[in-house]
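Novice: Chain residues, written in single-letter form:
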Amino acid sequence: MVSPVLLIVIPLGLAFCVPLIGMVSKRFARFVPVVACLFNLVVSVQLLPAVLSKPIVVDLGGFGAPFSINLFVGPVGILFSLLIALAGFVVSLYALAYIDKGPTTRYHTLYLLLLVGATGVVLTGDVFNLFVFFEILCISSYVLVAYRGDKDGVESAVKYLIQGALGSALLLTGIGLLYGLFGTLNMAHIAVQAGSADPIPLFVAMALIVVGLGVEAAIFPLNAWLPDAHSSAPSSISAILSGIAIEVGLYAVVRMVFTVFGASSMLSFLMFLGVLTLLVGELCAFAQSNIKRMLAYSSIGQIGLIIFAIAIATSGSITGGFFQLVSHTLSKALLFLAAGYMIYRSGSMDISSLEGMGKRMPLTAFAFAVGAFSLVGLPPFAGFPSKLLIIRGALADGGALLALLVGLVLLGTVIEGAYFFRVIQTVFFKKGDGETARCEAPAIALVSMFVLVALIIVIGVYPSLIIGVLNSAASELLVRADYIGRVLG
Amino acid sequence: MKGMTLIVKTITDFVVGFIVVFGAYIVLYGHLTPGGGFAGGVIIACAFILLMLAHGKDVAYSKLSEKAAHVLDSAGALAFLLIGWFGVTAGFFFMNTFGRGEAFRLLSSGMILPLNIAIAFKVGSSLFLVFSALAVFRRRSFRAMIEDELA
Chain A
1 MVSPVLLIVI PLGLAFCVPL IGMVSKRFAR FVPVVACLFN LVVSVQLLPA VLSKPIVVDL
61 GGFGAPFSIN LFVGPVGILF SLLIALAGFV VSLYALAYID KGPTTRYHTL YLLLLVGATG
121 VVLTGDVFNL FVFFEILCIS SYVLVAYRGD KDGVESAVKY LIQGALGSAL LLTGIGLLYG
181 LFGTLNMAHI AVQAGSADPI PLFVAMALIV VGLGVEAAIF PLNAWLPDAH SSAPSSISAI
241 LSGIAIEVGL YAVVRMVFTV FGASSMLSFL MFLGVLTLLV GELCAFAQSN IKRMLAYSSI
301 GQIGLIIFAI AIATSGSITG GFFQLVSHTL SKALLFLAAG YMIYRSGSMD ISSLEGMGKR
361 MPLTAFAFAV GAFSLVGLPP FAGFPSKLLI IRGALADGGA LLALLVGLVL LGTVIEGAYF
421 FRVIQTVFFK KGDGETARCE APAIALVSMF VLVALIIVIG VYPSLIIGVL NSAASELLVR
481 ADYIGRVLG
Chain B
1 MKGMTLIVKT ITDFVVGFIV VFGAYIVLYG HLTPGGGFAG GVIIACAFIL LMLAHGKDVA
61 YSKLSEKAAH VLDSAGALAF LLIGWFGVTA GFFFMNTFGR GEAFRLLSSG MILPLNIAIA
121 FKVGSSLFLV FSALAVFRRR SFRAMIEDEL A
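One line per chain: the protein sequences are A and B, in this order. In this text, residue positions in the first sequence follow the working numbering: the first is 1, and each later residue adds one. In this text, residue positions in the second sequence follow the working numbering: the first is 1, and each later residue adds one.
Don't take each hint at face value.
Stated by the list, open to error - Label pairs and their computed distance ranges (CB to CB):
hint	chain 1	residue 1	chain 2	residue 2	range
1	A	V24	B	A133	21 to 27 Å
2	A	V35	B	S108	36 to 42 Å
3	B	A133	A	L166	20 to 26 Å
Said to hold, decoys possible - Capping the alpha-carbon separation at 27 Å, the derived lysine-lysine pairs in DSSO-like fashion look like this:
hint	chain 1	residue 1	chain 2	residue 2
4	A	K26	B	K67
5	B	K57	B	K9
6	A	K101	B	K67
7	A	K26	B	K63
8	A	K431	A	K359
9	B	K2	B	K57
10	B	K2	B	K63
Calculated directly from the structure, the hints in this document are not laboratory data. These numbers come from a predicted model, not from an experiment. The beta carbon of each residue, even a glycine, is placed where N, CA and C say it ideally should be.
Please take these sequences and the hints and turn them into a complete structure.
Specialist: Pasting the structure below:
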């Protein structure tokens with residue numbers, strides 16, 4: 001069996017090869033991310049059956065946990081690494097055509113580093129290692145947001161940098177406190193001792209860490225950077241930021257709260273925060289006239305929904321939350337990719353300028369519609385089973401409060417439907433006054449979009465394909481003792 | 001005349017060599033005394049940054065061109081990963097499989113010394129590139145500001 005270390009080492013090595021290859025041939029360098037993501041995809045799929053039967057713990061350096069850094073490749077880790085590799089692969093295909101101007105070699109290096117950071121965060125079993133990979137993820141995304149070098153890009157990148165750096169500083173302070181309390185940085189080792197620790201310093205550490213990670217996860221009210229950053233980045237990067245980066249932030253929050261701290265008292269707070277994030281995101285998205293800002297706010301709403309589902313902390317609702325995460329990654333990446341070329345052709349990000357796009361670029365507009373319908377939760381797309389599972393999981397518990405919150409979540413979905421249908425109407429049913437000539441997106445970009453379309457429909461029709469992985473992921477989060485036992489043996 | 005005054009230039013020319021040697025010492029003895037690849041790499045980068053400050057970028061680039069710095073940057077990182085990968089032959093990534101040598105001697109502690117050297121190349125060249133990027137960016141943005149004022 002291949003070692004899971006390869007999931008980090010190979011893309012990292014290839015990321016550093018990109019500048020060297022770029023010196024020989026710039027055209028060749030852009031294929032490196034495709035190769036790296038394909039490699040990760042294959043390795044993740046290969047590891048999947050073994051991981052589902054028993055999580056793999058990899059010690060680095062050969063000292064054994066808790067003395068060495070270890071990777072914990074459980075169902076959650078492999079689910080995320082699969083998603084990252086898949087989204088990374090599709091977006092890197094799209095970027096072959098889309099990223100043609102500017103310092104392209106640097107783009108590909110940073111893009112790979114971003115994916116390495118994300119993969120590292122989801123696989124590591126060490127808090128400080130998590131911080132390091134988190135910084136790799138964040139710093140490469142700061143730079144990529146400013147890729148075009150225009151005023152908007154630089155301004156939002158600086159905004160993102162300031163808030164992100166503040167978040168990282170809080171995170172690092174929290175980790176320092178944890179190290180002071182327990183003298184260890186291994187997640188499982190901290191988890192063992194967390195129950196008997198002094199509650200107040202432990203709470204302070206947890207608050208610092210959750211707030212620090214919450215900036216990247218875009219939990220309300222820490223999400224002011226997101227609409228700017230996601231809308232002024234190149235569309236391929238918006239797709240990765242919305243589809244991968246904030247999900248990885250969310251993973252880190254969930255892993256800390258569930259596994260490291262085992263803080264069940266925190267969950268109801270997170271639940272409210274989730275619903276609040278959802279409503280704020282959806283309401284702001286409704287008010288936007290800029291399509292990319294609308295999509296960015298919709299990401300905030302979706303993250304709120306996922307947090308709500310996971311914070312209910314029953315096996316059914318966490319499965320639903322992870323399902324929603326998968327469907328959000330696929331749909332939002334698709335939406336940004338499709339919107340990218342529609343914006344490129346119309347020359348403006350205004351929703352009204354997309355009039356008549358259904359005639360001018362029918363395939364791209366179709367892909368956009370599939371993404372939008374999936375995100376709203378229409379059958380037979382992936383968003384339908386995920387929202388159904390979340391609502392079933394939430395109502396299974398029975399409380400009146402949960403029923404009220406579910407009502408609010410449904411209200412959020414209605415708002416979401418309203419603004420997406422408005423865009424669909426503009427794209428398909430309004431006649432643009434401008435050109436009507438066909439100008440479809442390049443073939444390679446269409447291929448990458450239709451891979452996502454196919455996945456969304458297949459998962460929507462056969463949700464049982466991924467339910468098994470999601471169920472084991474849910475039980476990994478809920479059964480903390482199992483995680484600890486596997487690592488410390 | 002580009003760069004700073006003759007006094008600064010003369011002193012710089014005099015100390016630059018010593019700074020590089022000191023940096024190399026910190027790198028090579030990182031496993032025996034305080035220091036290591038990162039600290040030594042920073043010191044070596046400082047020598048080139050000093051050259052750039054005193055003489056201007058042309059002289060600094062003639063000693064270490066931007067392209068060479070990029071190559072060293074990537075090569076250092078790749079070397080680090082490769083050395084780490086040697087550990088896999090004994091079962092674990094980053095396992096110290098090289099010969100340990102005699103304690104307190106230069107050639108001891110297995111892969112720590114090669115790792116330190118790799119890090120020194122990576123950190124030294126990146127820091128030099130960061131500095132030169134900031135210098136170029138500042139000049140460029142200053143020029144853009146003036147052009148905005150005139151327009």
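Novice: Against this structure, judge whether each hint is valid.
Specialist: Hint check:
no.: 1; hint: A/V24 to B/A133: 21 to 27 Å; in the structure: 22 Å, holds
no.: 2; hint: A/V35 to B/S108: 36 to 42 Å; in the structure: 39 Å, holds
no.: 3; hint: B/A133 to A/L166: 20 to 26 Å; in the structure: 24 Å, holds
no.: 4; hint: A/K26 to B/K67; in the structure: 15 Å, holds
no.: 5; hint: B/K57 to B/K9; in the structure: 13 Å, holds
no.: 6; hint: A/K101 to B/K67; in the structure: 21 Å, holds
no.: 7; hint: A/K26 to B/K63; in the structure: 26 Å, holds
no.: 8; hint: A/K431 to A/K359; in the structure: 9 Å, holds
no.: 9; hint: B/K2 to B/K57; in the structure: 9 Å, holds
no.: 10; hint: B/K2 to B/K63; in the structure: 16 Å, holds
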